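Numbered continuously in my numbering, the sequence shown closes out at residue 214.
Worth flagging that the hints you see were computed from the coordinates, not collected in a lab. A hint or two may mislead.
Unchecked claim - Pairwise CB distance ranges (calculated):
(1) V185 to D26: 46 to 52 Å
(2) W57 to D26: 23 to 29 Å
(3) L25 to R2: 40 to 46 Å
(4) A173 to V203: 26 to 32 Å
(5) D81 to V176: 44 to 50 Å
Here the structure is a predicted model, which is why all the values come from computation and not from measurement. Glycine is no exception: its CB is placed at the ideal position from the N, C-alpha and C atoms.
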Amino acid sequence: MRRLAAVLVAAFLVGGVAQAWLWRLDVQVLTAAVTTQFAWALVLYAAGWTAPRRSRWAVLSGALAGAVLIGSYYLCQALADGAASATDQFAQSRGPAWVAATIAVGAVLGLLGGWSARVGQRPVRAGFGLLTMAAALVLGPLVLIGLYGGDLPATARIVVPLVYGAVGLVLAARAVRRVPRRCLVRAALAAAAAGVVGLGLLVLLMTRVLYRTF
């Protein structure tokens, strides 16, 4: 539970403190690495990884981390710029949809994190969790850069794919090392399908439902 508590503290820092104040320090590399949706995704995944070893706890931990992320975002916006500013932003930027999406995605990524932590018990599920998250972290930034990279700062276009791509490769390497080969093939096929669906949903959300983020 201590590890989960640490992840929830990280969720508060990434979701709120970084978004409200870090950019004011003008440390562009650090700001680009932390104030991205891929930092949020990694926190949600880590919440499931550190949860007690049952799938339902991983789902609940991811959803809780999602609530902390989005809640701290609006709380720190209110502390930094005033309650009226945070309220206007919530009302004008589809705040209810962001809250629902963050908690729902938290539940899904928490489940992947929980499965990833149990290689010895459920190797196919673990391989699926590791490889799906790896694909999201490696390919996700590249897909979004391809969609609207011209609108992003140059630092973000470089830092985010490098940092989160490296994390994704570490997860993929763990799957290759720890998951038996026959299980790994099954996991990789399922992860490829899930990756296509997940990236498609991400693009749909960013272009049709929520405002664009990186």
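Going down the list of hints, with the structure as the test:
Checking the proposed 46 to 52 Å range against V185 and D26 shows it holds: the Cβ atoms sit about 47 Å from each other. One distance hint, 23 to 29 Å for the beta-carbon pair W57 and D26, is violated here, with the actual separation near 40 Å. Evaluation of the 40 to 46 Å hint for L25 and R2 yields a failure: the beta carbon distance comes to about 29 Å. Checked against the given bound of 26 to 32 Å, the beta carbons of A173 and V203, roughly 27 Å apart, stay inside it.
A hinted range of 44 to 50 Å for the beta carbons of D81 and V176 is consistent with their spacing of about 46 Å.
Consistency note: the structure conflicts with the earlier hints numbered 2 and 3.
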